[in-house]
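Colleague: Please model the complete structure; the sequences and the hints are all you need to start from.
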Amino acid sequence: MTSLLTYTLKNLPSTSQWALRFSMRPLSCSSQLQAATAVQTKSKQTLAKPNIRNVVVVDGVRIPFLLSGTSYKDLMPHDLARAALSGLLHRTSVPKDVVDYIIFGTVIQEVKTSNVAREAALGAGFSDKTPAHTVTMACISSNQAMTTAVSLIASGQCDVVVAGGVELMSDIPIRHSRRMRKMMLDLSKAKTLGQRLSLISKFRLNFLSPELPAVAEFSTNETMGHSADRLAAAFAISRLEQDEYALRSHSLARKAQDEGLLSDVVPFKVPGKDTVTQDNGIRPSSLEQMAKLKPAFIKPYGTVTAANSSFLTDGASAVLILAEEKALAMGYKPKAYLRDFMYVSQDPKDQLLLGPTYATPKVLEKAGLTMNDIDAFEFHEAFSGQILANLKAMDSDWFAQNYMGRKAKVGSPPLEKFNIWGGSLSLGHPFGATGCRLVMATANRLQKEGGQYGLVAACAAGGQVCHRSFIGASRKSFSWKQNRFIQEWLI
Amino acid sequence: MVASRAVGSLSRFTASRMLRCPGYICRNFTRSSALLTRTHINYGVKGDVAVIRINSPNSKVNTLGQELHSEFIEVMNEVWSSSQIRSAVLISSKPGCFIAGADLNMLTACTTSQEVTQISQEAQRMFERVEKSTKPIVAAINGSCLGGGLELAISCQYRIATKDKKTVLGSPEVLLGILPGAGATQRLPKMVGVPAAFDMMLTGRGIRADRAKKMGLVDQLVEPLGPGIKPPEERTIEYLEEVAITFAKGLADKKISPKRDKGLVEKLTSYAMSIPFVRQQIYKKVEEKVRKQTKGLYPAPLKIIDVVKTGIEQGSDAGYLSESQKFGELAMTKESKALMGLYRGQTLCKKNKFGAPQKEVKQLAILGAGLMGAGIAQVSVDKGLQTILKDATLAALGRGQQQVFRGLNDKVKKKALTSFERDAFFSNLTGQLDYQGFEKADMVIEAVFEDLSLKHKVLKEVEAVIPDRCVFASNTSALPISEIAAVSKRPEKVIGMHYFSPVDKMQLLEIITTQKTSKDTTASAVEVGLKQGKVIIVVKDGPGFYTTRCLAPMMSEVIRILQEGVGPKKLDSLTTSFGFPVGAATLVDEVGVDVAKHVAENLGKVFGERFAGGSLEVLKQMISKGFLGRKSGKGFYIYQEGVKNKNLNSDINSILASLKVPSQPDVSSDEDIQYRLVTRFVNEAVLCLQEGVLATPTEGDIGAVFGLGFPPCLGGPFRFVDLYGAQKIVDRLRKYEAAYGKQFTPCQLLMDHASSPNKKFYQ
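Chains as they are written, first to last, in UniProt numbering: chain A, 1 to 491; chain B, 1 to 763.
What the hints contain is simulated information worked out from the structure, not anything from laboratory work. One or more hints might be untrue.
What the hints assert, rightly or not - According to the in silico footprint, chain B covers these stretches of chain A (three or more CB under 8 Å from chain B): (1) 216 to 224; (2) 231 to 240; (3) 343 to 350; (4) 391 to 400.
Please read all numbers here as calculations on a predicted model, not as lab measurements. The beta carbon of each residue, even a glycine, is placed where N, CA and C say it ideally should be.
Modeller: Below you can see the structure in the form of structure tokens.
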């Protein structure tokens, strides 16, 4: 806790009473902290922006992320979202009527609850006077929810916003074919028996073939796993490297789970089933086992397999975001400051998953920080190959010069600070809900480890990326990149 | 059957069929000094896999020539004799090209069919050794793999191709009037089945990698890579090589079988093909189809069928022998010389002789959203040109926009574009009724109605709004550009760009320069045309330029022949059987009777008696009755939406009857009728060269074949004079001159060629 406050302090406007109060305490901290202090000095002015309100995260929770088709399979998305909201209410004890706005991200919409934020909020007992909307931006949907919240607060529109995300891959809307739909609509308008009969006579058996949600990029028709495989090949990343990285993710996640570090998880009593208390996709295996798998996308010689990809996941998450002065007035000790963010996008064909590479240097520059200043990196792991490609790209002068218009590489994040409590590969990736998980993991890590800055990044479909930065009490920068909801695979 | 779409494509070469052509020379195997310094092929050994890299120096493409061939033999001998090597990968170091075919010059250098046959046999022998290699050879294909390149690839034990738009496999030899002479006639049927093999060899079409995979022509696909640790093209080749090596190893270790699992349909087909009766039926069907489409004018397709048949019915040895012999025979035919000449000419007309323009054209504006205007817009937007389409009324504009959309959408249906690409291309088009944005235009192409005063009005209006740098191009088929430019403030920026209808199908663009047109303006126009995918001839201004001027006397003759009592159907069949893709009467309908009349009138005034012949009255009466051709639904024929077989318009008979002229029996045989049409055409073409309207005979041939449908098997009017003999043509002209007078008087240049047999348009 101490360290947490320290860093916050450096970042706060000097007028903050709260900051002053705690400013003395961290002096007794370890050398690691001192090092961090040096960093703060130089970045002090850059992170808090004059005339813009500071935005803090009080806390955030998520229900356990489960493999799709397991305990959540009979629920609907708003059920999961509601559970996350209830968990957040319980964790933060925020009075329901204080909340000004609720925003959720989701990717595959259940048509009955297309504004899932509103349905979940009403069900969770929030005031029916609190507006809610749903955003979508592929795998960075909840990042978008959070940054929307930040903007609402920074611009003075709101003081207290709940942002979250939800995805239920156990059930997806499978539609009738367009021709069948058209016939059904026409039928409902037909007035006479004759009209109806003539419409029905046009029926053909193939009208019944269903339409599945696209599993491919709309613009290029390429599935994401395919894209990831090509990306890995473009960066000459071997199957073994990918398997090793996936194994690392699972091992670290298991360790974090065993040590109780995944404190953002709240138990969820599933109606008719047992209470779910923890993520169920963490399965450390062995390299030998993983090597046996066949490629999942580019057959028979590709390198992306079920074992080194994230899997289809159900889950929901939510965070409580406040204006700093409001948080202080309410007596909260913020967990983090949300300092800066950035979205970038690029070629959806060949650079679909390279967003973090593009966004990281930009958001760092915007905040006046360098790679070395960052204590905790949380990058969304869509595929091992994608993470490794990004690390390689960030470490390549050639790439920086030829594709990013930079003079030199930004450098890749050191692995000892990188996703050390597991990542999407092991914890799971409910598309719409991953962003909040990344932010809370960063905040909790900074707190636990005594770091100052965190950086979040995620890639998303359409070649977009969000890069968000700097959560405060320890500040954290996070960026994320959006992944199309598509291919998440499980061993 | 499958060959149905066959030979129609002969009449129209498409740009995508880039072939670098057949002919294998491998005579001097004993050139020892070249051994150590190989220039075309090198190889390295990775583990136990030899990676053989082909990279011809100083060229964008690899072609199978003498040197490459002998180096390949040397390398293969080393590979086969090395105990360290267990398998091999064959790959090109050039992005976008595996092997684009054999060296055309080698073939044309031969003077006897025996020589050509020998070339074929050398290649056959080599490829047979490749096929029988005990060390598996994997062909790793990235880019064009055509002709001899494909024949080499299908001799290998395994093929891996990149799934790139540039990766095209095909046997385009038929388009050059020859056949695949290095084993493809024998191997392809076994590999992809007889029907598909016929389709490939008889149409010459290029096959994209994904389709090739489905057909069994390639065994694996490799996706092209995006940016990574290296430039995409470079890394893609490297990746292809890596993948190919793993497969080569797998094949050598027998972990991978080179045999492909056949689908049910394929199994059924191959079962059916094992029944002799079925086979005979297929040969018969294909042959019928080919005969119908080629009218017996193209020998190559029939020989291909024959050779394939020989191989299947009498065994490979007979097949290979037949292949090489027929290959030799075909290479010596006039048809192949004509087609090869066209191929060369086409390549020449795809270059910008005028250099790069000072400013690249990025913003195009087109006036008039009619058939032509919209057609020009269509071929522009899908090349990434920002295009404004302007018309006077919303209805006309809407029709034009719909035409562009439909054109793009048809490509989506054919899977040449994705719907997303279609939408992105369509966004390059701005439809409008005013001159907004013209101040940023780099080029304006007007395609308004063919009326000088209207063109003047438009020119003045446009010049008031466009910037100084902007080129004003007029799409007209007959109005002299200098007359249009007469009202221009800056005539050096005015040029003619004569497109042919339908613009998205017809490859030719005739660019017309006046004496005042600046070189930079010409360079701009050529650049835009090339970007639009056109084959370009640049001619001097004059009434009818080159193409219309050649067509006019022929059209005049068409009318006279009709007046003499030959029916439109008969005339059509006479002209198509001579090799014209479209019959003469149908052509009038297609061009439009009003346009034909307009042109005939204008040019008749200028050229006088030479353009006389048929009576203009025929056209005038047709126009007065509303028979304007296809566009009005009626001309010589009746055109109905959705009706394939067009019927004669019987109302024409009364017009023709009332204007009937007596025919002259001694010049009215079927052959005479054909030659009356063709010799007038040819005579006028040669006159254009004589007068300097044309700069080269090549452009004359390309313009005639690609713009007017002059029989491709004759190679164009100039090639025709060379191959047929100038004297014979002059003789014919004299004969017709005796009957009809000055219209048939041979021009001086033609007579010069007739009097000195050594004089040729193509040396």
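Colleague: Closer than 8 Å, Cβ to Cβ, for at least three residues: run that test on the region 216 to 224 of chain A against chain B and report holds or violated.
Modeller: Per the Cβ count (4), the hint holds.
Colleague: Can you confirm whether chain B covers the region 231 to 240 of chain A, using C-beta to C-beta distances below 8 Å and requiring at least three such residues?
Modeller: holds (count 5)
Colleague: Would you check chain B against the region 343 to 350 of chain A, counting CB to CB pairs closer than 8 Å, and say if three or more residues qualify?
Modeller: holds (count 3)
Colleague: Examine the region 391 to 400 of chain A for residues whose CB is less than 8 Å from any CB of chain B, and state whether their number is three or more.
Modeller: holds (count 5)
Checked against the numbered hints given earlier, the structure satisfies every one of them.
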